[in-house]
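Colleague: Spelled out from the first residue to the last, the chains are:
There are 2 protein chains.
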Amino acid sequence: MSKQPAPDQADSKQGNSSRHREVLDAGLRVFAAKGYRGATIEDIAKELGFTSAALYYYIKSKQDLLLQSVYRPIDSLIESANEIDALDATSTEKLTKFIEYHILLTLERREWLTVMLRDQSYLPEKNIEELRNRDKYYRQVLVKIITEGNKSGEFEVENPSIASMVILGALNWTLQWVRPDGPLDSKAVAQEIFSTLLNGMVKK
Amino acid sequence: MSKQPAPDQADSKQGNSSRHREVLDAGLRVFAAKGYRGATIEDIAKELGFTSAALYYYIKSKQDLLLQSVYRPIDSLIESANEIDALDATSTEKLTKFIEYHILLTLERREWLTVMLRDQSYLPEKNIEELRNRDKYYRQVLVKIITEGNKSGEFEVENPSIASMVILGALNWTLQWVRPDGPLDSKAVAQEIFSTLLNGMVKK
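Respectively, the protein sequence lines represent chains A and B.
Just so you know, we're using the working numbering here: the first sequence kicks off at 312 and counts up by one.
Just so you know, we're using the working numbering here: the second sequence kicks off at 312 and counts up by one.
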């Protein structure tokens, strides 16, 4: 499997300055709270303490802001997956790290995935397609880790593709049930999910 | 665990006539396709071949239609879970049936869950709370089946509550990846997911 080609970057006037990242973070917070349709440019400017005119220095439109925002979680996941895949480690160790990072991002940056999963339908079809391709790439790294674990004798997974969907479903669903103020931190959640998935439920 | 008390029924002028069910089905199809906010009463009337005025014979408002619609999937799941729980069967058999029915409803009535998961935030807080309670009840039946399987020696699940979340995440996520026109039917999907969850990934 080849590395992901350089992404067709969302246009941004200001590159990756820290102020630009602050704009994206504020956009994600407002989109997560109000939904893409309910959020206005004025809301986002207010969140930043900007005027709307100043905000347009960083983004071209509300849709441009959404576009830049939704690529962040998936690109961060892909970067982490590529790093994990390249490690000199067992498949079990790689899978542990894969699950841990995914849960960390899901729970500690929950507005990222909330907006990506819920609001991507407001993007043009070509961008939705691009997101689907990145998703697919990310999942293929997971399938590769599982398949290598089968070969090394660590895993015994009949259908690595289905298993990857089961894993990602379990991980993404944590958004629905792990509360930010709840008793479980992301590491504890990762450990419990990992143990359920790896060992299965049947008594040995 | 006591049975779910009689639900605080969504008001409906026409009870459960087959025409009334047609109205709910049409509402779900239109909400699923356009989103609750994008859908209009006129769209739903057109889907049914009614005038808008005729539609108001069955529902009080668009929100009333959403309210009646979102209770259907969860009530159907609860009814099935109670039936499965009452069976004279092993925990493994009960869990198999639980997973099969959930996937069947998820995939063959996909607009039900799509609307329930995506659009429930447009309901008044007291109805969202009521949905949460039914969700919780449903999950408790699953936890009970797992816990009984631990006791009977069929399962060895350290944390049945977390396991129930892993299972439901894996099941609900099928909406995202099993295509209606794809090669897998709901029974095959259920079988594959069941095998991954039950046996785990580690080579024995």
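Be careful, since some hints might not be right.
Because identical chains share one entry, a pair is satisfied inside a single copy or across any pair of copies.
Stated by the list, open to error - Each computed PhoX-like pair below joins lysine-lysine, with the alpha-carbon atoms no more than 25 Å apart: (1) K455 x K514; (2) K515 x K447; (3) K515 x K462; (4) K373 x K345; (5) K408 x K455; (6) K437 x K373; (7) K515 x K345; (8) K514 x K371; (9) K371 x K455; (10) K447 x K437; (11) K373 x K515; (12) K357 x K373.
Just so you know, these hints were derived from the structure itself, not from any lab.
Colleague: Against this structure, judge whether each hint is valid.
Modeller: These are the hints, each one checked on the structure:
In this homomeric assembly, K455 and K514 come within 25 Å of each other (Cα to Cα) only across copies, at 17 Å, whereas the closest approach inside a single copy is 28 Å. Taking the closest pair of Cα atoms, K515 and K447 never come within 25 Å of each other, the shortest separation being 34 Å inside a single copy and 30 Å across copies. Both within a single protomer and between protomers do K515 and K462 lie at most 25 Å apart by alpha-carbon distance, with minima of 22 Å and 14 Å respectively. When the C-alpha separation of K373 and K345 is checked against a cutoff of 25 Å, the pair qualifies both within a copy, at 13 Å, and between copies, at 21 Å.
Taking the shortest Cα distances, K408 and K455 sit within 25 Å of each other inside one copy (14 Å), while across copies they are farther apart (31 Å). Proximity of K437 and K373 under a CA criterion of 25 Å is satisfied intra-copy only: 17 Å inside one chain copy versus 32 Å between copies. Within a single copy, K515 and K345 get their C-alpha atoms no closer than 48 Å, and across copies no closer than 48 Å, so neither meets the 25 Å cut-off. For the identical chains of this complex, K514 and K371 are neighbours neither inside a copy (57 Å) nor across copies (52 Å), given an alpha-carbon limit of 25 Å.
For the identical chains of this complex, K371 and K455 are neighbours neither inside a copy (38 Å) nor across copies (53 Å), given an alpha-carbon limit of 25 Å. Only within a single protomer do K447 and K437 lie at most 25 Å apart by alpha-carbon distance; the minimum there is 15 Å, versus 39 Å between protomers. In this homomeric assembly, K373 and K515 never come within 25 Å of each other (Cα to Cα): the closest approach is 54 Å inside a single copy and 52 Å across copies. Only within a single protomer do K357 and K373 lie at most 25 Å apart by alpha-carbon distance; the minimum there is 14 Å, versus 32 Å between protomers.
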